[in-house]
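Can you make the complete structure from the sequences, with help from the hints?
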Amino acid sequence: MKRKELFEFEDFSWFPTHIRVGMTNLILLLHRMIGTTHVLSNLIIDLRNNHDFDTIVDLGSGSGGPMPDVIKDINQNKSKDEFKLILTDLHPNPELVEKINTDNDTSVSYYKNPVNAVNLSEAPNGLKTMIASFHHMKPSIAKKILLSASQSNEPILIYEIAKNNIPFLVWLLLLPISLSILIVMSLVMTPFCKNLTLTQLIFTYLIPIIPLAYAWDGQASLMRTYTFEDLQILLEDVNSSNYKWEINDALKENGKKAGYYLKGYPN
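Take 1 as the starting number for the sequence shown in the numbering used here and just add one per residue.
Just so you know, not all the hints are guaranteed correct.
Claimed, not checked - Cut-off 30 Å, straight-line C-alpha distance, at most; resulting in silico cross-link-like pairs (DSSO-like, lysine-lysine):
(1) K256 x K4
(2) K163 x K144
(3) K252 x K143
(4) K80 x K257
(5) K99 x K72
Stated by the list, open to error - Quick list of the computed label-pair ranges, beta carbon to beta carbon:
(6) F228 x N125: 39 to 49 Å
(7) L206 x K244: 45 to 55 Å
(8) N195 x N239: 26 to 36 Å
Think of the hints as simulated: they come from the structure by calculation, not from any bench. All C-beta atoms, glycine included, are put in the ideal place defined by N, C-alpha and C.
Written out as structure tokens, the structure is:
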């Protein structure tokens, strides 16, 4: 496989929550800047044409990600029937679960029980989504997730915002420049983050831990992302005559590429 098993700070259990939230805010802003919301809502509506569902179950949601924006876009602009979004995580944050479940938005809820993506039979029914999180999974785990999706006989949509399309040596040589660009970007982007806190400002401008961690994780995730060929290898032992898989570039409405997707659904 071309994918490299590098580390990301956000994967470590010891990584401070307030730093993780600051990085998540930056990632969410990046999704909005790129236009991920419309890309994902179009992919979901397209999947809906092949398989009937009215509930979307987001896997590895963390603090929410872009999916609440996506469900709002679908319900306001692209569907006559109201879709429901259920956020899930292997280690759900009780405070966040309570906050989202007591919010006025009845279309979004957070599942309070742990959900392991390798055993989707324990998850609520509906379309499963993994947004910019599949690259965190080692090949052995990633294959189990795909197998579990096909065995559950329900659709799944995996989306990655970046593509692993440069040689590893080139990535290494350009790393100092790439990290510098991402650090500067985080400094510029921070004031525009939603739910900006004093803590994020302090650990961005006074003690710049968030920009450094955000820059490294952004570059590491590029090399950790599965290529199309990597995905085909993962699917070798997963393919079933009763389940269809599709890998392709994700496109904006103007035809420009915006990451890629892997979607599966029952025939």
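A quick look at each hint next to the structure:
no., hint, verdict
1, K256 x K4, "holds, 27 Å"
2, K163 x K144, "holds, 22 Å"
3, K252 x K143, "holds, 28 Å"
4, K80 x K257, "holds, 28 Å"
5, K99 x K72, "holds, 18 Å"
6, F228 x N125: 39 to 49 Å, "violated, 29 Å"
7, L206 x K244: 45 to 55 Å, "holds, 52 Å"
8, N195 x N239: 26 to 36 Å, "violated, 42 Å"
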